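Respectively, the protein sequence lines represent chains F and G. Counted the way the working numbering counts, the first sequence spans residues 1 to 312. Counted the way the working numbering counts, the second sequence spans residues 1 to 246.
Hints listed in this document are in silico derivations from the structure and should not be mistaken for laboratory results. This structure is a prediction, so every number in the text was calculated from the model and none was measured. Do not rely on the hints blindly, as some may be mistaken.
[Unchecked claim] Simulated restraints on C-beta separations:
no., chain 1, residue 1, chain 2, residue 2, range
1, G, ALA2, F, GLU163, 49 to 59 Å
2, F, GLY282, G, LEU13, 19 to 29 Å
3, F, GLY282, G, ALA28, 37 to 47 Å
4, F, GLU24, G, ASN172, 48 to 58 Å
5, F, LYS53, G, SER137, 48 to 58 Å
6, G, LEU118, F, VAL268, 27 to 37 Å
7, F, SER131, G, GLY14, 51 to 61 Å
Backbone N, C-alpha and C define an ideal beta-carbon position, used for all residues, glycine too.
Each chain, letter by letter, is given below.
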Amino acid sequence: MTLVDQNDIDAIWQSIGMAEHKHEDDVVKITVSGNRVLGAHLLPGVEVDADEKPDGVAVNFRILDEAFIAKPIQLCFGVMPETGMQHIELNLNIGENSRASVVAHCTFPNAVDVVHRMDAVINVGRGACYSYFERHVHGPAGGVTVVPKAKIHLGADARFKTEFELIKGRVGVMDIDYEAECEAGSVIELIARIIGAGDDRVKINETAHLRGERSRAFLQSYLALKHDAFAEVYNTVTAHADGAKGHVDCKEIVQGRAVARAVPIVDVRHPGAHVTHEAAIGSVDSKQLQTLLARGLDEEAATDLIIEGMLG
Amino acid sequence: MALLEIRDVVMRLGETPVLNHLTMEFWAGHVHALVGPNGAGKSTLANTIMGLFGYTAFEGDIVYDGESLKGVPVDERARRGITLAWQEPARFQGLPVHKYIRAGAKDPSDDRVDQALLKVGLDPRTYRDRACDRTLSGGERKRVEIAALLAMEPRVVLMDEPDSGIDIQAINHIFDAIQFFKQNGATVILITHSLPVLQQAEHAFLLCNGRLRDKGPISKIENYFAENCIMCATPNEPEKRQGAWQ
Ligand SMILES: Nc1ncnc2c1ncn2[C@@H]1O[C@H](COP(=O)(O)OP(=O)(O)OP(=O)(O)O)[C@@H](O)[C@H]1O
Ligand SMILES: [Mg+2]
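Kindly produce the complete structure, drawing on both the sequences and the hints.
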């Protein structure tokens, strides 16, 4: 790891409004700006090594077997300048029967032309319980291309929940691609909540393969789009074993000239498996809207409040 | 003077007039009831006063505070002080009760939100952060709705069947709210099929088949309940009835 410049660290955390947490000693915290690891505060049970590369960093992140990390691990990936490329190669190993959660903040507040690419390989060991919440803070101009890809493996009885949220600032271009293999008794939840505006482009491709008996998957994508934004959502669950259960839930609110497409794919290959899906695309519910209008909110404020509730 | 006047309003939904030459007056600081059989046009009248989508094209006029409401959109009517509580209030996924109440509140302070909840018998500590979604029971949701109206401090309150789904204890909170609106000088318009709700009012209008069949103090209109609608021998049969009543 390289030198730690506290001012740089402060700037990046301030951009996501979290400066006040900097002195918490019992929180694992890692800050990556561009291709530099600015700081890492670790605790027993967590091991990290990082290699700086010309256009990003390669991070090996391990939660040891049986480790219990009480407070959410805070990761911050940021690109503060207007332009830049940040490629994160993430190798994540969640040890057997461990418990940990991560909150990853991705901040590009000044972006004009920034690319943030993440290639993750995530292994959640047998009986482990791991959650990953990724929150993006973009500037009002968009200007970011975000390409997160993850290959996920869940061991028997493991639980993994990932939430991706981008509801502040403009998206730019987003191309999410997650694919998970789930062994017996494991549970995966893939959740995305995104607000798109202007000429934002959003593509979500999420797949869960329920290989093991009683494995379960829940895929939820909630999007709100306005102006000329475009989104396409491909959510796939394949079920191969007895007692496997899955549900795909895609909800998209479109306003203005925005376009949304949802393609839920359900592929069941065992008579004892059960997978359901629902997809709803449309404008905000008329009764909800009129209720708020009848309280005196204008249409934009009413719509924002409905969407905030749905995505918040 | 009447705060709200319905002047010879004819409203067609499809072919038939659902409101048929209605003329009515509603007074500030008074509670009014609209009664009449299913399909009489009570909700349609409320929706038309509120100016909801699909209820804006009508003949005649609706005059509020001396000005026509024709062409005035729903939200503008609400900002001028008119509001409506639906029989079945909308559910909002993920929206906390306090945010919902605050959204239309005249004074959006925490205290005001809590007071409004207390007034309808909901403990703010329990309900403030609950989502205004399907997890609220029907009665709880309706009480949250009344709380939102209280916080809004409207001048005209339209309530469509305020007692439906409300238990016998909670109904008193709804009645308190109705009297509270009245004491604050608001015009209250209750749509109801129930005698106890009718008895909250001072004046009542009996609608049948889109027409005003009778009006007066509730002592007069109560007979409609007591005598099981014998005043109106052929409810909702326009051809037979129109002759009889014109
Ligand atoms: N959008 C619509 N299109 C056509 N007819 C409608 C529409 N909405 C209501 N109606 C009809 O208008 C009439 C009046 O309906 P309204 O809902 O106002 O009755 P109501 O008096 O509120 O009855 P209830 O006591 O059952 O609530 C009914 O015959 C109904 O079927
Ligand atoms: Mg009705």
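Quiz item: Which hints, by number, does the structure contradict?
Solution: Hint 6 alone not satisfied by this model.
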